[in-house]
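Peer 1: Sequence lines, in order, name chains A and B.
For the first sequence, my numbering assigns the number 367 to the initial residue and increments by one for each residue that follows.
For the second sequence, my numbering assigns the number 23 to the initial residue and increments by one for each residue that follows.
Some clues are possibly wrong.
[Said to hold, decoys possible] Stretch by stretch, here's where chain A covers chain B in the computed footprint (C-beta under 8 Å, at least three residues):
| no. | stretch |
| --- | --- |
| 1 | 170-184 |
| 2 | 335-345 |
| 3 | 415-427 |
It is worth saying that the hints were derived from the structure and are not from the lab.
A virtual CB, placed ideally from N, CA and C, is assigned to each residue, including glycine.
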Amino acid sequence: MRNWWKRREDLLPQQETDELIRLENLVKIYDTGVLKVMGLKKINLTIRRGEFVAIMGQSGSGKSTLMNILGCLDRPTMGHYYLDGVDIASLSSDELSAIRNRKIGFVFQSFNLISRTSALKNVELPMTYARKSKKERRERAIELLERVGLGQRVGHMPNELSGGQRQRVAIARALANEPPLILADEPTGNLDTAASVEIMELFSRLHEEGATVVVVTHEEDIAEFTGRIIRFRDGQIISDQVNEHPRERRKEG
Amino acid sequence: MLLENMKMAFHAIRVNKMRSFLTMLGIIIGIGSVISIVSIGDTMRSLFSSLYKDVGLSQAYISIGYWIEDVRDSDYFTMDELDRLKEIFGDRIAYIDSAPSISGEVKAGGNKLKFNLSGVDYNYQNVQPVNMIYGRYLTEEDVKARKQVAVMEAGAAKKIYGTEQAVGRTFRTEVYGSMTEFTVVGVYKKEVNAFQKLLMGSSDDTGAAFVPWTLLTWPNDLIYSCRLFADPGMSREDMNQLFQEIMFYIAKSKGRNSQDFRLTTAMDEMVQVDSVMGGLSAAVGGIAAISLLVGGIGIMNIMLVSVTERTREIGIRKALGATTRDVLIQFLTESAILSACGGTIGIILGIGVVFVGGNALGLQVVVKPAVVLLAVTFSAMVGIFFGIYPASKAAKADPIEALRYE
Ligand SMILES: Nc1ncnc2c1ncn2[C@@H]1O[C@H](COP(=O)(O)OP(=O)(O)OP(=O)(O)O)[C@@H](O)[C@H]1O
Ligand SMILES: [Mg+2]
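Bound-form chain B, shown alone:
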């Protein structure tokens, strides 16, 4: 009988193709927008979390609080202090530096290019590995001796030298007021997607290179903020514990409270961004769900019209022996199928939009099965819920009255 009802419902839907399609349109748009919005949100979240993983989730920055009025020289760090931190906390600190960077124009031969030079230690390759294609990374010797060498990104090398194989080439740029000549000792390649470029602000016309960080602290040797990577094998709690200990130690050695220093951890930031993004996509998804409600009301409207139009048919069916329940189920099935069809088309459309958009941007799209499942269930429920009133109206019809209906 269920099968029979479904056949009857499909028949009724087919007889009125255009109207059925218009009725479904509300559900199609509703489900489509919910799916695409939630999936866009999930995709953004996964992009952010991969971005943070890329940057290193064990990373933290410590600096004197921006809210401190009477900043003293001793509130800054020196290279010795960083060394001492590394000694005291040992293996728990995987890497430490001052995260210095300068940007400016780089000249090589007749070519000029805007560049971002990041100062790093030789073991930065351990915590933030890049894919070396030519030459070598910075060495301990380079850093200790403040050698004017650089490891350059392949795309930038191609732009400025016309070839990615730039080992041995030189460029000149201004470092804290004095023209400095660097020799390229290595070239690395880094794949970034459109989203990462957008967020990191690195565009194609800005080159990137690593140089010994010791070069960039010159001339006053004072460091504003200290960047450190905890041992990535540590748990989140252990990491937080470590960062608190370091804060405490620094504050004590500088004669301040640890609240006077600012700690920014990648983990906290990621959790924060993620929760904001999650909330946002839920909110927008919720708003999109309202369109589903509108779609449901559309179904109810059309089913009411259909019930009135088919009053005579209902009378005939009852005269032939259909029970109240038979008629109820017939119309419920019809509205459920209408909205389930709309829901299916909406899902395909929504996912399609997300995939096409994601492909265009070169992003890995995230469509959670749970979201799809939820949307299907929801649309069928919308169909049944908004079908109840029209169906019960049909079912309650008195056979004699219904047969007399013109």
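The shape of chain A in the complex, shown without the other chains:
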């Protein structure tokens, strides 16, 4: 009965490879009943540990579709997605929950904070689902909120925060369980330029600290922060370039 409450650690595959993400002939088809929409057409892609990647492309080109699959929120129709060497297609939905909880930090365009719940509680949530102790949760959540510059806003409700602040809470929440992979789907889409720059500098710093970060964006100067830019059109990769000189983040101090 005890164990029933505990998350089963053995649900989490433990392999480690240099390739954090590998996609092989990945296809996603949306079956709307009337017609089938090809979201992604045979994608092959490898992202190594510690990379900072931007994904660009027109609206409807399949960026969010890809991010949802990378984030284990959705499953591919065909092909394989290896995360940390594990084929996601073979996992049950509870195992996917465990992976989302431990290996992935997702940042959304619309923030997706839980309303009427304080910033602190929002950041604690992934740790709650990881069955961390109350003390550990609280300490880490406060530390994370301080790290994103919201040390003074710990008890605020989402509707008491600006867009940029909300997105920073969301980032703190994504970092809660120290996931190796950070995914952000248009994280600056709802923010003005100044806030966007702040958010991207935050991702940049995370990258420097060793995280693998994948960011979807429409804006070239946002993509400039990253070290690799992948462009999509009609569900396919049309270019994959290294950005030799990523935009420097301002040094603090």
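Position chain B with the ligands relative to chain A; hints supplied.
Peer 2: Chain B with the ligands only, in chain A's frame:
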């Protein structure tokens, strides 16, 4: 995690205070009415049983059956016959008389009062004791010599003489057509609650007094029914056995079948009344339980609304790593807490109503812990049962679909 879930549930309930309260209202009313109705029933039962104990549970009446067409004089009893019964059955009969009583207007000085005079033997005090406050009870001498004396209830004495100390005072009343003067030799006090007054039909404006029963059989000396008390130490079976033997003896001595006589025992009557009352309160309680069902459906309804409203929240939770089970338990906890809170308030309210009502009537209220326990368990079960569908709906939600929900 359970604690965490309970915190989340309380949070969700607090965020929507008014709605939560309205949802609970169904359960509050349901549990409240079940508790109060069942408790009222239990209180009535205990009142009835104390009433019967008061009257004497070893008591029985025997008379010629009302269904007998050709009733003869010999079907009635005489005083000698009662004496003989007492001789034959000895100590097993604790007391025997004809249970006579008359009611009429009593006059003393210029005062008048309606009175109920009960004819009893001197040893009636052994089987139905009253609390003597002045003077003495009837004596064997009073009864044998048919003395015109009375033992009067204190309240009546106060009304008619202006004082409870009425020993030595006299009153006049009509006994079987002739004016008779009685002398008060004793005064007793009897506490009765509102319920007993109601049931015994004795109201405040009717006085009560005991007089020798031998006075009230006059003039024809024939007795319609015989009242007897078995030795109260006997078991129920022994008592029934005794009553059957007496019936048999009487029938034989009167040349009839024992089926021609009617036996009414206090015990049988009490069991009967009790089972009727029990059945009644169970039935009404059952009907009240239907309101609980309605309350449960209310919970289900609100939980469904809440799940739909919070689809996005569910999507976020799943995206952050909540499993199907995490979400299921979160919503189940919420509905269980809703109905448990409603149940608790309902119990307090129900018991409160019963106690306030009981106090107003001066009754000793009976609230059985088992009933309360049952109500609590039932309300939590209602919450969980009616929470299952909405919670599983929430738990099954696909994270992507849920996140896309507007
Ligand atoms: N749930 C769905 N059902 C049906 N079709 C869908 C669904 N989600 C996406 N699509 C389709 O898949 C294609 C890719 O959509 P996607 O959301 O990945 O685009 P995107 O690149 O993220 O666009 P944007 O920049 O506007 O966010 C589109 O043609 C879209 O209509
Ligand atoms: Mg998109």
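Peer 1: Against this structure, judge whether each hint is valid.
Peer 2: Going down the list of hints, with the structure as the test:
| no. | hint | verdict |
| --- | --- | --- |
| 1 | 170-184 | violated (count 0) |
| 2 | 335-345 | holds (count 10) |
| 3 | 415-427 | holds (count 3) |
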